[in-house]
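**Q** Here are the chains, one letter per residue:
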Amino acid sequence: MSSTINGTEAVFAAFPDEPAVKALAGVATGAKFDRDELTIAVAAPDIIAACEAVKRAGYNFLETVTAVDWYPSEPRFQVTYHMLSHSLKRRLRIIVRLASDSAQVDSITGVWPSANFYEREVFDLFGVTFNNHPNLRRIMMPEDWNGHPLRKDYPVEGYR
Amino acid sequence: MSSVAAPDQINPGIEDVVADNNRHKHGNDPIADQTMVINMGPQHPSTHGVLRLVLEIDGETVVSLAPDIGYLHTGIEKTCEAKFYQQVVPLTDRIDYLSPMTNNTAYALAVEKLLQLEIPEKAQWLRVLFNELMRLNSHLVWLGTHAMDIGALTVFLYCFREREQLLRIFEAVSGQRMMTSYIRVGGVSLEPPIGLFDDIRAFLKDFPSKIDEYEGLLQNNPIWIKRLKDVGYISAEDAIALGVTGPVLRAAGVDFDLRRDMPYSSYEKFQFNVPIATESDVWARYIVRMKEMRESIKICLQALDGMPEGRITADAPKIILPDREQMKTQMESLIHHFKIVTEGFAVPAGEATSSVEAAHGMMNYYVVSDGTSKPYRVHIRNADYANLQALETMCKGRLLADVVAVIGSLDIVLGAIDR
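If you read the protein sequences in the order shown, they are chains A and B. The letter at position 139 of the first sequence is residue 138 when you use numbering that gives the first Met the number 0, and the numbering goes up by one with no holes. The letter at position 121 of the second sequence is residue 120 when you use numbering that gives the first Met the number 0, and the numbering goes up by one with no holes.
Hints in this document: simulated from the structure, not taken from any laboratory. Any given hint could be a false lead.
[Claimed, not checked] In silico DSBU-like links for lysine-lysine, alpha-carbon gap of 35 Å or less:
1) B:327 <-> B:297
2) B:209 <-> B:268
3) B:395 <-> A:88
4) A:54 <-> B:225
5) B:268 <-> A:54
6) A:88 <-> B:338
7) B:268 <-> A:88
8) B:77 <-> A:88
9) B:228 <-> B:317
10) B:121 <-> B:395
11) A:88 <-> B:121
12) B:209 <-> A:54
13) A:54 <-> B:77
14) B:82 <-> B:290
15) A:151 <-> B:290
16) B:297 <-> B:228
17) A:54 <-> B:290
18) A:88 <-> B:290
19) A:88 <-> B:228
20) B:82 <-> A:151
21) B:121 <-> B:268
22) A:151 <-> B:297
23) B:82 <-> A:21
24) B:338 <-> B:225
25) A:88 <-> B:373
26) A:151 <-> B:77
27) B:373 <-> B:290
28) B:225 <-> B:77
29) B:338 <-> A:151
30) A:88 <-> B:82
With the rest of the complex left out, here is chain A (with noise of 0.2 Å):
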């Protein structure tokens, strides 16, 4: 059994010599340590600055992009970004909330250009905008399909 630690000053008070922790002390807007994952919550402008950051602290690897809708509360997405690191052998989760009326946020493929296929990904079934993403397509669905299948509001079977 894990103990949880919740909020910002008391993750970052248990783990000072986490690289992350160090790496996020100035955008993180929340943090969690939950079932030994560290999530850390930033807010959608800052999310190319968090992952440079990351990245230079040694989390090397983009594992996904996906997405959780919080339907029908607001903050409605919720955009996660895990990341590994190859020579601290850690998993970082990065979370970003997004409200209903501004669902988008800047594309990471800057970043790590494996970001593409699951931005697209993301785009496609939850309608979430990535900005200056090379190539925001559908990649699922078909090009005409009308509405996102994995938002709550999307039923699983019957009429739309």
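Use these hints to put chain B onto chain A, whose structure you have.
**A** Same frame as chain A, but now just chain B:
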């Protein structure tokens, strides 16, 4: 690194390729000194499923390439949200259908992390055993189809001969040849039948000689060498930047294997080597995978030799279905059985990520719970999806025929890409 970040290195997409081509006045006239756009797939024997590629070629040279995916998109992540936690397991089989038990393991690890459930040692060792047999299964299909793409038809028949034995082992343990659903949340579903370990041992004793056979067919074959060596190069920096994992990354000289570096399910108790190569071409990926098969045999034998005694499921009556005998004799077990089947089991709110080293590379399950008995969100990261992004970098400037060899070396399964 910066070379990958350049806009044209990121897959440009079909429309851009076509738009580029329309700039040429002569269209698709093959005699004109222009590039030509051709379509490959989705129905093409060497694309390993329904992968569609749009290629811009200049004579025989690939100028640019864009994968078009989604033909097999069945909305598994959406379906997961409508099922109980235990009902998601059969869906995970169908994602990477060449290694279903690896998918089961990754899903089970994520949910067990949310539940903070301790898994008995025997179940963990059974998971290791069957994960490694799945690796052999997946690599056999890879070798057979890869060799067939290049024109060595015999190898395919040899590989499927051994795969048949593996499928019989899976059938014996789970009742199913391919969609096994053997590894469940909280442990494994069934006690292995008597005599199964002897069958596995007999298979493993025989299997090294079979690998020698495949190598005898391929290793010194001049056509095989010419088609594989110096084809599909990608630098280690580019591979990391493009999200490549698994044997493809290890063939680029990056010594990283989750089984050794971030062990799960008792892998830290096993001794094995992580094969790497530095050439980073199709040949290096072939060598790495062949060596991996021999390492998997070692792990399987260690798992069989040291198989612990004890339970195969965690001691959590509210999560794991009771024994049939208990259910029929004990009131409490009957209640638990009824509750689990009709209501599922509630999982504490939170999010958890599991990560396993599948045959194709890193496989992650990101499960978000809102405290109910159905997952709020399941995201599946498969190595195939990210590895496919590196295809253009590997093929650019090379011959069209090499694209087939490179796709084979990536070892993609479209079920895992489209989900």
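**Q** Each of the hints needs a verdict: does it hold here or not?
**A** So, going through the hints one by one against the coordinates:
no. : hint            : result
1   : B:327 <-> B:297 : 42 Å, violated
2   : B:209 <-> B:268 : 27 Å, holds
3   : B:395 <-> A:88  : 32 Å, holds
4   : A:54 <-> B:225  : 39 Å, violated
5   : B:268 <-> A:54  : 31 Å, holds
6   : A:88 <-> B:338  : 40 Å, violated
7   : B:268 <-> A:88  : 18 Å, holds
8   : B:77 <-> A:88   : 31 Å, holds
9   : B:228 <-> B:317 : 55 Å, violated
10  : B:121 <-> B:395 : 48 Å, violated
11  : A:88 <-> B:121  : 26 Å, holds
12  : B:209 <-> A:54  : 44 Å, violated
13  : A:54 <-> B:77   : 31 Å, holds
14  : B:82 <-> B:290  : 40 Å, violated
15  : A:151 <-> B:290 : 45 Å, violated
16  : B:297 <-> B:228 : 28 Å, holds
17  : A:54 <-> B:290  : 32 Å, holds
18  : A:88 <-> B:290  : 24 Å, holds
19  : A:88 <-> B:228  : 32 Å, holds
20  : B:82 <-> A:151  : 14 Å, holds
21  : B:121 <-> B:268 : 13 Å, holds
22  : A:151 <-> B:297 : 46 Å, violated
23  : B:82 <-> A:21   : 40 Å, violated
24  : B:338 <-> B:225 : 61 Å, violated
25  : A:88 <-> B:373  : 31 Å, holds
26  : A:151 <-> B:77  : 9 Å, holds
27  : B:373 <-> B:290 : 41 Å, violated
28  : B:225 <-> B:77  : 45 Å, violated
29  : B:338 <-> A:151 : 26 Å, holds
30  : A:88 <-> B:82   : 33 Å, holds
Hints 1, 4, 6, 9, 10, 12, 14, 15, 22, 23, 24, 27, 28, counting from the list given before, are not met by this structure.
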